[in-house]
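K.L.:
Spelled out, the chains give:
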Amino acid sequence: MAWDRNDMARRAAKEMEDGFYVNLGIGIPTLVANYIDDDIDVTLQSENGMLGMGPFPFEDEVDPDLINAGKQTITELRRTSYFSSADSFGMIRGGHIDLSILGAMEVAENGDLANWMIPGKMVKGMGGAMDLVAGVKRVVVVMDHTSKSGAPKLLHECSLPLTGKGVVDMVITNLGVFEIAEGGGMKLTELADDVSVDDVKSSTEANFEVAV
Amino acid sequence: MAWDRNDMARRAAKEMEDGFYVNLGIGIPTLVANYIDDDIDVTLQSENGMLGMGPFPFEDEVDPDLINAGKQTITELRRTSYFSSADSFGMIRGGHIDLSILGAMEVAENGDLANWMIPGKMVKGMGGAMDLVAGVKRVVVVMDHTSKSGAPKLLHECSLPLTGKGVVDMVITNLGVFEIAEGGGMKLTELADDVSVDDVKSSTEANFEVAV
Amino acid sequence: MKKIFNDAKSALEGVVFDGMTVMSGGFGLCGIPENLIAALRDTGVKDLTVISNNAGVDDFGLGLLLQTRQIKKMISSYVGENKEFERQYLSGELELEFNPQGTLAERCRAGGAGIPGFFTKTGVGTLIAEGKEHKEFDGETYIMETGLVADLSIVKAWKGDEQGNLIFRKTARNFNPMMASAGKVTIAEVEEIVPLGSLDPDNIHTPGIFVQRIIKGEHEKRIEQRTVRERENA
Amino acid sequence: MKKIFNDAKSALEGVVFDGMTVMSGGFGLCGIPENLIAALRDTGVKDLTVISNNAGVDDFGLGLLLQTRQIKKMISSYVGENKEFERQYLSGELELEFNPQGTLAERCRAGGAGIPGFFTKTGVGTLIAEGKEHKEFDGETYIMETGLVADLSIVKAWKGDEQGNLIFRKTARNFNPMMASAGKVTIAEVEEIVPLGSLDPDNIHTPGIFVQRIIKGEHEKRIEQRTVRERENA
Numbered sequence: 027m028a029w030d031r032n033d034m035a036r037r038a039a040k041e042m043e044d045g046f047y048v049n050l051g052i053g054i055p056t057l058v059a060n061y062i063d064d065d066i067d068v069t070l071q072s073e074n075g076m077l078g079m080g081p082f083p084f085e086d087e088v089d090p091d092l093i094n095a096g097k098q099t100i101t102e103l104r105r106t107s108y109f110s111s112a113d114s115f116g117m118i119r120g121g122h123i124d125l126s127i128l129g130a131m132e133v134a135e136n137g138d139l140a141n142w143m144i145p146g147k148m149v150k151g152m153g154g155a156m157d158l159v160a161g162v163k164r165v166v167v168v169m170d171h172t173s174k175s176g177a178p179k180l181l182h183e184c185s186l187p188l189t190g191k192g193v194v195d196m197v198i199t200n201l202g203v204f205e206i207a208e209g210g211g212m213k214l215t216e217l218a219d220d221v222s223v224d225d226v227k228s229s230t231e232a233n234f235e236v237a238v
Numbered sequence: 027m028a029w030d031r032n033d034m035a036r037r038a039a040k041e042m043e044d045g046f047y048v049n050l051g052i053g054i055p056t057l058v059a060n061y062i063d064d065d066i067d068v069t070l071q072s073e074n075g076m077l078g079m080g081p082f083p084f085e086d087e088v089d090p091d092l093i094n095a096g097k098q099t100i101t102e103l104r105r106t107s108y109f110s111s112a113d114s115f116g117m118i119r120g121g122h123i124d125l126s127i128l129g130a131m132e133v134a135e136n137g138d139l140a141n142w143m144i145p146g147k148m149v150k151g152m153g154g155a156m157d158l159v160a161g162v163k164r165v166v167v168v169m170d171h172t173s174k175s176g177a178p179k180l181l182h183e184c185s186l187p188l189t190g191k192g193v194v195d196m197v198i199t200n201l202g203v204f205e206i207a208e209g210g211g212m213k214l215t216e217l218a219d220d221v222s223v224d225d226v227k228s229s230t231e232a233n234f235e236v237a238v
Numbered sequence: 118m119k120k121i122f123n124d125a126k127s128a129l130e131g132v133v134f135d136g137m138t139v140m141s142g143g144f145g146l147c148g149i150p151e152n153l154i155a156a157l158r159d160t161g162v163k164d165l166t167v168i169s170n171n172a173g174v175d176d177f178g179l180g181l182l183l184q185t186r187q188i189k190k191m192i193s194s195y196v197g198e199n200k201e202f203e204r205q206y207l208s209g210e211l212e213l214e215f216n217p218q219g220t221l222a223e224r225c226r227a228g229g230a231g232i233p234g235f236f237t238k239t240g241v242g243t244l245i246a247e248g249k250e251h252k253e254f255d256g257e258t259y260i261m262e263t264g265l266v267a268d269l270s271i272v273k274a275w276k277g278d279e280q281g282n283l284i285f286r287k288t289a290r291n292f293n294p295m296m297a298s299a300g301k302v303t304i305a306e307v308e309e310i311v312p313l314g315s316l317d318p319d320n321i322h323t324p325g326i327f328v329q330r331i332i333k334g335e336h337e338k339r340i341e342q343r344t345v346r347e348r349e350n351a
Numbered sequence: 118m119k120k121i122f123n124d125a126k127s128a129l130e131g132v133v134f135d136g137m138t139v140m141s142g143g144f145g146l147c148g149i150p151e152n153l154i155a156a157l158r159d160t161g162v163k164d165l166t167v168i169s170n171n172a173g174v175d176d177f178g179l180g181l182l183l184q185t186r187q188i189k190k191m192i193s194s195y196v197g198e199n200k201e202f203e204r205q206y207l208s209g210e211l212e213l214e215f216n217p218q219g220t221l222a223e224r225c226r227a228g229g230a231g232i233p234g235f236f237t238k239t240g241v242g243t244l245i246a247e248g249k250e251h252k253e254f255d256g257e258t259y260i261m262e263t264g265l266v267a268d269l270s271i272v273k274a275w276k277g278d279e280q281g282n283l284i285f286r287k288t289a290r291n292f293n294p295m296m297a298s299a300g301k302v303t304i305a306e307v308e309e310i311v312p313l314g315s316l317d318p319d320n321i322h323t324p325g326i327f328v329q330r331i332i333k334g335e336h337e338k339r340i341e342q343r344t345v346r347e348r349e350n351a
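Chains as they are written, first to last, in my numbering: chain A, 27 to 238; chain B, 27 to 238; chain C, 118 to 351; chain D, 118 to 351.
Think of the hints as simulated: they come from the structure by calculation, not from any bench. Each hint should be verified, as a subset may be incorrect.
What the hints assert, rightly or not - Using 20 Å as the maximum straight-line C-alpha spacing, the simulated SDA-like pairs for lysine to any residue come out as follows:
id, chain 1, residue 1, chain 2, residue 2
1, D, Lys338, B, Phe84
2, D, Lys276, C, Pro312
3, D, Lys338, B, Asp89
To be verified - Covered stretches of chain A, as calculated for chain D (at least 3 residues, CB under 8 Å):
id, segment
4, 98 to 106
5, 118 to 124
6, 198 to 204
Just so it is clear, CB atoms sit at the ideal spot from N, CA and C, and this is done for glycine as well.
Working from the sequences, and respecting the hints, build out all of it.
P.N.:
Pasting the structure below:
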């Protein structure tokens with residue numbers, strides 16, 4: 027049985043280490059916050075200008091001046107600091123964020139990532155994604171293994187315009203976990219429950235080594 | 027009778043306008059603060075990270091965390107703000123300071139300025155002078171007309187290493203006031219009391235037009 | 118030099134012209150200069166180039182200026198929340214330049230700080246890098262981005278004083294400080310104008326040197342995504 | 118992840134090596150990391166490249182590291198107040214690289230923000246521009262300067278918390294925030310370690326992400342130029 031959204035988020039949470047500063051993208055990555063080990067101290071960054079992002083507010087705590095990069099209302103913690111967008115992306119570009127977990131449309135076996143535009147469709151923009159994948163020390167993608175139509179999303183080469191070249195370090199899908207070496211080279215390192223290597227192979231275009 | 031230090035400072039203070047943000051250098055320029063017209067609102071910047079510099083403190087107000095760029099103890103005002111050196115020079119480089127008044131060793135008729143090093147002597151460094159002359163909208167030099175040995179300081183070309191090229195807009199000396207046009211061209215526009223054009227000419231190497 | 122103006126309309130007098138470039142602070146609908154945007158619309162100014170991280174929603178924020186077709190071009194990082202935007206863009210009525218969010222923030226900061234160009238690795242190997250100067254530093258490739266300045270910057274702050282000193286509140290800070298620094302003229306709207314000396318000088322986010330005019334506004338502060346959790350029953 | 122260390126000596130353990138580059142905050146003697154400088158001397162580390170706006174005085178601040186000849190090279194904007202510095206420099210024992218003060222500040226900020234190079238007009242046409250890339254923007258000439266990073270940054274703040282969040286006081290802020298951001302390891306010494314949550318999140322000058330270790334120091338805060346005025350008699 028393949029992993030569901032929460033399983034994937036739970037697996038992604040294991041990439042966090044004590045003392046990490048982490049940026050979580052929109053969608054499944056947001057769920058990762060629910061699975062952070064209580065024994066480790068992790069600080070969440072929101073690229074619109076906040077370190078130390080807390081949970082969603084109770085109804086009577088909602089503050090229009092306090093949102094995350096997904097424009098959702100959130101709360102602050104005792105450790106929280108606020109800063110400008112320039113300072114926020116200084117942190118990101120300068121390599122101070124340890125881990126970025128984000129979604130993707132396509133990932134190539136060399137670590138190329140596409141997650142911002144589909145030619146011919148309305149393009150909403152890359153937001154902070156290009157800065158995050160270029161600047162953050164380690165980039166973990168969490169996504170479904172195939173598109174809704176069943177087409178593979180782990181490819182030899184991305185067909186969509188790139189968000190970053192050779193930037194992805196790990197991909198977590200509903201079928202398993204892949205590591206991508208610096209300079210390219212994809213390796214299947216974990217399988218979801220009751221998923222076989224053949225199951226993975228049949229829905230993957232990218233070449234990958236098997237090391238489960 | 028030529029101007030003294032206070033006369034020169036008084037004359038320099040006339041370059042200030044209501045609403046100006048001004049950076050004053052060390053030496054005579056510091057005295058200019060004493061002559062700012064009460065009817066205009068001027069804010070002094072200190073490049074070590076302060077807008078709204080107040081006067082020297084009373085003995086019981088001295089604060090080691092509150093100094094100007096000359097490392098002198100000073101005070102704050104109700105309008106004061108503090109910021110980092112990067113933000114301070116962002117203001118300077120970005121052209122937000124209206125006027126810089128500073129001393130000089132040599133000024134050339136094209137506006138070149140030398141005020142930071144004498145080859146063969148111990149060089150202390152340029153501090154913020156190069157940033158100020160490059161970034162501030164209007165640069166006024168206040169200096170003695172000649173060196174202690176009587177050598178002219180207003181020259182065809184500076185002999186000393188430059189602080190900035192073509193950056194000086196006005197020179198106030200003990201003998202009078204010179205304007206330097208954008209792109210070069212020096213013009214004597216005022217004479218100190220009882221100083222003649224010939225007095226000025228005899229102690230000036232630079233070519234200058236007379237418009238007194 | 119009086120910086121306090123009575124309202125957004127009077128604050129815009131004499132500084133607005135067709136074809137001008139305007140920076141508008143805010144992220145999503147958070148920390149946007151609501152009053153100044155509405156007043157800018159009312160001036161009837163045309164052919165604006167607007168630099169703003171987002172483009173508002175249909176009936177609020179910069180969406181107001183899109184409805185009246187006063188914007189010729191947007192420089193933004195994300196514009197997803199606006200149907201009228203989409204329509205004008207797809208029909209070719211509106212030009213659009215996408216910048217990565219961090220690059221956009223840094224371009225504004227650079228413009229205000231007198232830095233005409235800087236290098237970043239953001240966007241290397243993507244469409245964003247096309248036509249831009251590439252340069253290696255320590256074996257890694259970077260692209261050059263340029264500083265941005267605006268004829269007019271409109272920003273929203275929490276509190277301000279008569280000298281134009283501003284403080285922002287929580288994540289409503291976002292693009293406002295850099296944009297304030299990069300406007301040839303900067304107008305700030307604040308929730309409260311406080312007496313001179315009541316802001317802590319150690320904690321002024323935007324020093325008054327960057328602010329030429331300031332008004333007290335009325336702020337609806339609309340929320341785009343109201344996400345809440347429920348209290349567990351005691 | 119415990120950031121609070123007992124003292125300067127223990128905070129330096131494991132992060133010091135010969136030939137390393139150290140950024141040291143402060144302007145003159147204002148806001149310098151007194152305790153960490155003294156402890157760095159006591160480690161006996163050699164051949165340091167020190168990036169600091171000034172070089173202390175003979176018996177205080179970075180002067181301590183000059184007396185023991187632990188500094189090989191200084192990158193500074195102004196070094197006038199130190200006889201030992203002058204002696205070592207004139208005898209060729211000490212290398213010195215002068216940077217304009219604003220360029221130095223921006224180089225540190227750029228290093229911390231992942232910007233390997235930027236353009237400035239500061240120094241164009243002077244000795245500082247020699248050997249540097251020149252480029253025109255809008256008809257004006259600029260030179261390229263590079264970002265700086267350090268193996269270790271030592272900074273002085275007013276207050277800090279266990280997460281490494283820092284606030285500075287008055288003009289003691291100066292170079293400290295940028296240098297904190299540009300150290301591979303950054304150690305902060307503060308006058309007071311305050312409980313988590315007691316710093317206003319809107320007014321944290323250096324977020325804890327930039328600070329790996331923090332200590333409470335004892336600060337002499339020596340004054341270089343005590344200038345006072347006299348009260349007129351009532």
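K.L.:
Would you mind marking each hint as holding or not holding in the structure?
P.N.:
Now the hints, each set against the structure:
1. D:Lys338 x B:Phe84: Given that 20 Å is the threshold and the Cα spacing comes to 18 Å, the pair holds.
2. D:Lys276 x C:Pro312: Roughly 27 Å separates the two Cα atoms, so the pair is violated.
3. D:Lys338 x B:Asp89: holds (9 Å)
4. 98 to 106: holds (count 4)
5. 118 to 124: Satisfied; 6 residues make the cut.
6. 198 to 204: This one is violated; 0 residues, fewer than the three required, reach chain D with a Cβ under 8 Å.
Of the numbered hints listed earlier, those contradicted by the structure are 2, 6.
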